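Protein chains in written order, with this note's numbering: chain A, 1 to 494; chain B, 1 to 463; chain C, 1 to 129.
Mixed in with the good hints, there may be bad ones.
To be verified - Cross-link-like lysine-lysine pairs, in silico, DSS-like; alpha carbons within 27 Å at most:
no., chain 1, residue 1, chain 2, residue 2
1, C, Lys63, B, Lys282
2, B, Lys229, C, Lys45
3, A, Lys301, B, Lys41
4, C, Lys63, A, Lys199
5, A, Lys401, B, Lys298
Because the hints were derived from the structure by calculation, they are not lab data. What you are looking at is a predicted structure, and each value in this text was computed from that prediction instead of being measured.
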Amino acid sequence: MKHMPRKATRHISQNEGLIFEKSSPGKAAWKLPPLDVPDVDTNKLLGPSERKDLGNMPEVSEIEIIRHFTRLSTWNYAIDLGMYPLGSCTMKYNPRVNEVVSRLEGLANGHPYQAERISQGALRIIKTLSECLLEITGMDDITLQPAAGAHGEFTGLLMVRAYHESKGAARKKVLIPDSAHGTNPATAAMVGYSVENLKSNSNGMVDVASLVAQMNEDVAALMLTNPNTLGVFEQEIHKIADLMHAKGGLLYMDGANMNALVGKVRPGDFGVDVMHLNLHKTFSTPHGGGGPGSGPVAIKKSLEPFLPKPVVVTKPDGTLGFEYDRPQSVGRVRSFYGNFGMFIRALAYILANGPDGLRQTTEDAVLNANYIRKGLEGVFDLPYSTPSMHEVVFSDKIQAKKGVRTMDLAKRLIDYGFHPYTTAFPLIVPGALMIEPTESESKEEMDLFIEAMKAIAEEVEEDPQIALQAPHNTRVSRLDETTAARKPVLRWKP
Amino acid sequence: MRYLPKSPADRQAMLKAIGSRSIDDLFSPVPAEYRLTRDLKVPRQMAEFEIVEWFRERSRENGDGYQSFLGAGAYSHYRPVIIDSLISRGEFLTAYTPYQAEVSQGTLQAIFEFQTMICELTGMEVANASMYDGSTAATEAVMMAVRLTGRRNVLAARSVHPEYREVLETYALHQSLPLTTVGFNADGRVNLKELENAITSETACILIQSPNFFGTIEDVAAIAEVAHKHGAMLAVSISEAISLGIVEPPRQADIVAMEAQSFGVPLGFGGPYCGVIATREKYVRQMPGRLAGQTTDKNGKRGFVLTLATREQHIRREKATSNICTNQALVALMANIFMTIYGKVGLRELAKQNLAKAAYASGQFEKHSKLLFCGAPRFNEFVIQTSEDPYAINGRILGNRMIGGLPLKKFYPELGNASLWCCTELTTRTAIDTAVGFVAESERSQRAMKESDSSSDMQEVTR
Amino acid sequence: MAYPSDYKYTKEHEWIKADGGNATIGITDYAQQSLGDIVFVDLPKVGAEITVGKTLGSVESVKAVSDLYAPASGTVTEVNGALANAPEQINKDAHGSWMLKIKLKDPGELNALLSAADYEKFVAEESGH
Numbered sequence: 001m002k003h004m005p006r007k008a009t010r011h012i013s014q015n016e017g018l019i020f021e022k023s024s025p026g027k028a029a030w031k032l033p034p035l036d037v038p039d040v041d042t043n044k045l046l047g048p049s050e051r052k053d054l055g056n057m058p059e060v061s062e063i064e065i066i067r068h069f070t071r072l073s074t075w076n077y078a079i080d081l082g083m084y085p086l087g088s089c090t091m092k093y094n095p096r097v098n099e100v101v102s103r104l105e106g107l108a109n110g111h112p113y114q115a116e117r118i119s120q121g122a123l124r125i126i127k128t129l130s131e132c133l134l135e136i137t138g139m140d141d142i143t144l145q146p147a148a149g150a151h152g153e154f155t156g157l158l159m160v161r162a163y164h165e166s167k168g169a170a171r172k173k174v175l176i177p178d179s180a181h182g183t184n185p186a187t188a189a190m191v192g193y194s195v196e197n198l199k200s201n202s203n204g205m206v207d208v209a210s211l212v213a214q215m216n217e218d219v220a221a222l223m224l225t226n227p228n229t230l231g232v233f234e235q236e237i238h239k240i241a242d243l244m245h246a247k248g249g250l251l252y253m254d255g256a257n258m259n260a261l262v263g264k265v266r267p268g269d270f271g272v273d274v275m276h277l278n279l280h281k282t283f284s285t286p287h288g289g290g291g292p293g294s295g296p297v298a299i300k301k302s303l304e305p306f307l308p309k310p311v312v313v314t315k316p317d318g319t320l321g322f323e324y325d326r327p328q329s330v331g332r333v334r335s336f337y338g339n340f341g342m343f344i345r346a347l348a349y350i351l352a353n354g355p356d357g358l359r360q361t362t363e364d365a366v367l368n369a370n371y372i373r374k375g376l377e378g379v380f381d382l383p384y385s386t387p388s389m390h391e392v393v394f395s396d397k398i399q400a401k402k403g404v405r406t407m408d409l410a411k412r413l414i415d416y417g418f419h420p421y422t423t424a425f426p427l428i429v430p431g432a433l434m435i436e437p438t439e440s441e442s443k444e445e446m447d448l449f450i451e452a453m454k455a456i457a458e459e460v461e462e463d464p465q466i467a468l469q470a471p472h473n474t475r476v477s478r479l480d481e482t483t484a485a486r487k488p489v490l491r492w493k494p
Numbered sequence: 001m002r003y004l005p006k007s008p009a010d011r012q013a014m015l016k017a018i019g020s021r022s023i024d025d026l027f028s029p030v031p032a033e034y035r036l037t038r039d040l041k042v043p044r045q046m047a048e049f050e051i052v053e054w055f056r057e058r059s060r061e062n063g064d065g066y067q068s069f070l071g072a073g074a075y076s077h078y079r080p081v082i083i084d085s086l087i088s089r090g091e092f093l094t095a096y097t098p099y100q101a102e103v104s105q106g107t108l109q110a111i112f113e114f115q116t117m118i119c120e121l122t123g124m125e126v127a128n129a130s131m132y133d134g135s136t137a138a139t140e141a142v143m144m145a146v147r148l149t150g151r152r153n154v155l156a157a158r159s160v161h162p163e164y165r166e167v168l169e170t171y172a173l174h175q176s177l178p179l180t181t182v183g184f185n186a187d188g189r190v191n192l193k194e195l196e197n198a199i200t201s202e203t204a205c206i207l208i209q210s211p212n213f214f215g216t217i218e219d220v221a222a223i224a225e226v227a228h229k230h231g232a233m234l235a236v237s238i239s240e241a242i243s244l245g246i247v248e249p250p251r252q253a254d255i256v257a258m259e260a261q262s263f264g265v266p267l268g269f270g271g272p273y274c275g276v277i278a279t280r281e282k283y284v285r286q287m288p289g290r291l292a293g294q295t296t297d298k299n300g301k302r303g304f305v306l307t308l309a310t311r312e313q314h315i316r317r318e319k320a321t322s323n324i325c326t327n328q329a330l331v332a333l334m335a336n337i338f339m340t341i342y343g344k345v346g347l348r349e350l351a352k353q354n355l356a357k358a359a360y361a362s363g364q365f366e367k368h369s370k371l372l373f374c375g376a377p378r379f380n381e382f383v384i385q386t387s388e389d390p391y392a393i394n395g396r397i398l399g400n401r402m403i404g405g406l407p408l409k410k411f412y413p414e415l416g417n418a419s420l421w422c423c424t425e426l427t428t429r430t431a432i433d434t435a436v437g438f439v440a441e442s443e444r445s446q447r448a449m450k451e452s453d454s455s456s457d458m459q460e461v462t463r
Numbered sequence: 001m002a003y004p005s006d007y008k009y010t011k012e013h014e015w016i017k018a019d020g021g022n023a024t025i026g027i028t029d030y031a032q033q034s035l036g037d038i039v040f041v042d043l044p045k046v047g048a049e050i051t052v053g054k055t056l057g058s059v060e061s062v063k064a065v066s067d068l069y070a071p072a073s074g075t076v077t078e079v080n081g082a083l084a085n086a087p088e089q090i091n092k093d094a095h096g097s098w099m100l101k102i103k104l105k106d107p108g109e110l111n112a113l114l115s116a117a118d119y120e121k122f123v124a125e126e127s128g129h
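Next up, chain A with everything else stripped away, as it sits in the complex:
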């Protein structure tokens, strides 16, 4: 290998088995106090419902647990270690003050059913966050109930459906661009809509002529991401919104790419009727290895009666409370009020930024993506010449001539100390490399990234095998996903 990685790498030689392989009877990591009430005869109380045996549950000590999980953690890449160039994921810094405030006892130990009198703190957090998100999106009302983006899409489409039903006909179809994230069509199907694909034009934007042809009174909504999954702003958004509204349809916006808009543009201003946000993307709540997220849905006034219940209201005496009497509500999409812990974190992020910080954040996000685009132009194929906002999409066309594809390039990037970018998405770009640095990356980190990508491209020209066999510096390499799918082993057995 000609080029040496210059970034810190992970602890890769440590071997760590499964926790069950360390277990043995008599080890314990717990201690309970003696009962202050009379002990019970379990057999008498439970009869045949009594469980006698907990099978192969582990028995280990506290230090073994600490070491086990600490060692496991050293095998993970994380934002705290370096950049994730993943497109549309917005892997930005997860501020630690967010973690501290979410653990304040009155908030962390609050029961969702406790009296409103002692829930004013939580209610105020919900209200304040809602107001901030409405100001940021330019919408009229909002629900914080959905647990994630996909859940928000579901909730949003439920409201779309309820809206149309209230006007006499639910309508049958939802239009979705071929560049859309997979959750979009999956969600439309769950709400009983059939999906019709909408072509993109040669600039990677919605083909307005196709929209004109396909939009009619059978279409309930168009689900759009803006900027789209190519990182391109839909410049004809005005026309698109008008076309939808002229035939009584609604414009749904997937807010996954809000990181290009906060403080600079507001979806409510350009004709969006309903949209979801991803607090775990734009608003810095931690990804935690795959969740929890939070997917608030913001709407225009016309959809207000259909909001999930309960909604937060200000009572005549000035205190806050929950309102359940909402006859046209779509109902509940989950128990309780939403991922409240994420509300705290998102609000802390907004308070830490203020209007200046939010705007500067968005500007840096767009600046960073364009800097990387400039740095890699000519090295990788750029399928669309349209300007990029906060993310850029290249393709593996040049390297494919040597038999090296986007996944191979991504695996080689790991050897250079980075997490791969998004491979093979959006589907309209064959062999895509989707890169979103976010505002959290310094010029130094991005220069390292550009250098690494250039070095990999050079390697491909000299010796494609390096990329094809990558990664070389990790503890495990090229795990057999085929066998894992053919003969799934989904649990440990003694």
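Assemble the complex: chain A is given as a structure, and chains B and C must be docked to it using the hints.
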């Protein structure tokens, strides 16, 4: 802004490299009519200690340090400190979804261990790596049964958490799935006769909860028999996970939909929580959510990968088993560590303490008020019926910095002045005795008022 | 690649071999190559009715799912159970691995399908050679 790692010089250098004069050039693709020319009207930028103080105020407004008797799907258990020590590590907290296996082995192995332990506890063969919460897990379990049986009717027990049923209704509405509710007996359990009458050859599944919303343990075997006799599936929801330490799991179920919040996830005013689906191996391809599978790498080393991805949205799109993408990975890790800490012996001891506390409390309450749903075993929750409206009693209890049981009228109006009480290992005897005292006092005054009413009536008559 | 001349082919890359009133169905070598390692095959049950041109099941690789389209209408008489445990058979020998057997509703439907030579031409155009 302190989260942004760029100096003005950096920005200048970058703009120069791009060939733009200013940042505004980069926003020119946005039509001018939409570009904001004013500041957002959000609170001004705060210093870190201002942020902490703002939330501390909110915490104080939120009943900090109250002793609670609330359960009803969200449980107050002790969270061992090493849970936060471990999940706060940046490599867990700030890691992405483990799609790139080589750099995510920590997350993937932890998920694999989680899946294993859930199987052990629930008696099922395969478990997924978490859903949003118990309510959506129960709903997805029903959807799974619909797909597997090809049938469209659903029966749900009324003793399933009311909010879980509301969520199921919302999802079922748009999939044209007729939903029928089956009632409960005086002992709190599902009415088997009503169930037999309601089930047809079009029933895809029966959904029950055990321990149910009232804390009562269902006769899972009997219900399973009814379901299977008619070719329907049985989905069992579990909202108090600690019960699995001492209550036999629903081994006859086809699908178990759990809420794992009791396993070390903070109450947090309702979320984030941790739903899980566990089922039999033969149904795995219809299971929603992520699955971590064991495999080997090119050198024969053991490793883990996300597998059976073709069920999921990013490949199947509109044919996916669900639209779930982001799940609850970090909370699942909390549950994982909790289960590891207590383990085989500790979980049983912990559950036993819960059982003992609730048994003591229900016995004491019974001396003064009516204890409902006797005649069937229960875990750590019970229902009492008072003469006075429980809201009024709870109002007084609140003055003692205690939160009384959940009044049930809004969910089960026919139960009148009933309230649902929960005791866990954290509930002290003193707190129980105090709460019982309030109820006793309430009953006494109610009786006294009645007597003085009737004695003044008597005086009227004898005059 | 030699495509068996006694098979007929669809543009969706299924093959069908008629034998009097019955037929055997599978997918072509081109299809298995495009899919990569096959991990699972989803087929209808014996007795199910399939309709020409409509989906009858699917084939999964690790990262992709491909629908299977019926080359002709009929009733399913047999399903290849061995594929449940060894779907990789299709990768090894696509033309020799049958997926299902049907009783044809209308043997005339096969006349509309491609011959081996036509299919070979079609594949060459598709892959841009």
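We went through each hint and held it up to the structure:
The suggested pairing of Lys63 of chain C with Lys282 of chain B holds, with an alpha-carbon distance near 21 Å, which does not exceed 27 Å. Restraint check for Lys229 of chain B and Lys45 of chain C: the C-alpha separation of about 22 Å stays at or below 27 Å, so the hint holds. Restraint check: the Cα-Cα separation between Lys301 of chain A and Lys41 of chain B comes to about 20 Å, which is no more than 27 Å; the hinted pair holds. With a C-alpha separation of about 23 Å, the suggested pairing of Lys63 of chain C with Lys199 of chain A holds against the 27 Å cut-off.
Distance check on the hinted pair: Lys401 of chain A and Lys298 of chain B sit about 25 Å apart at the alpha-carbon level, within 27 Å; holds.
In this structure, none of the earlier numbered hints is contradicted; all agree with it.
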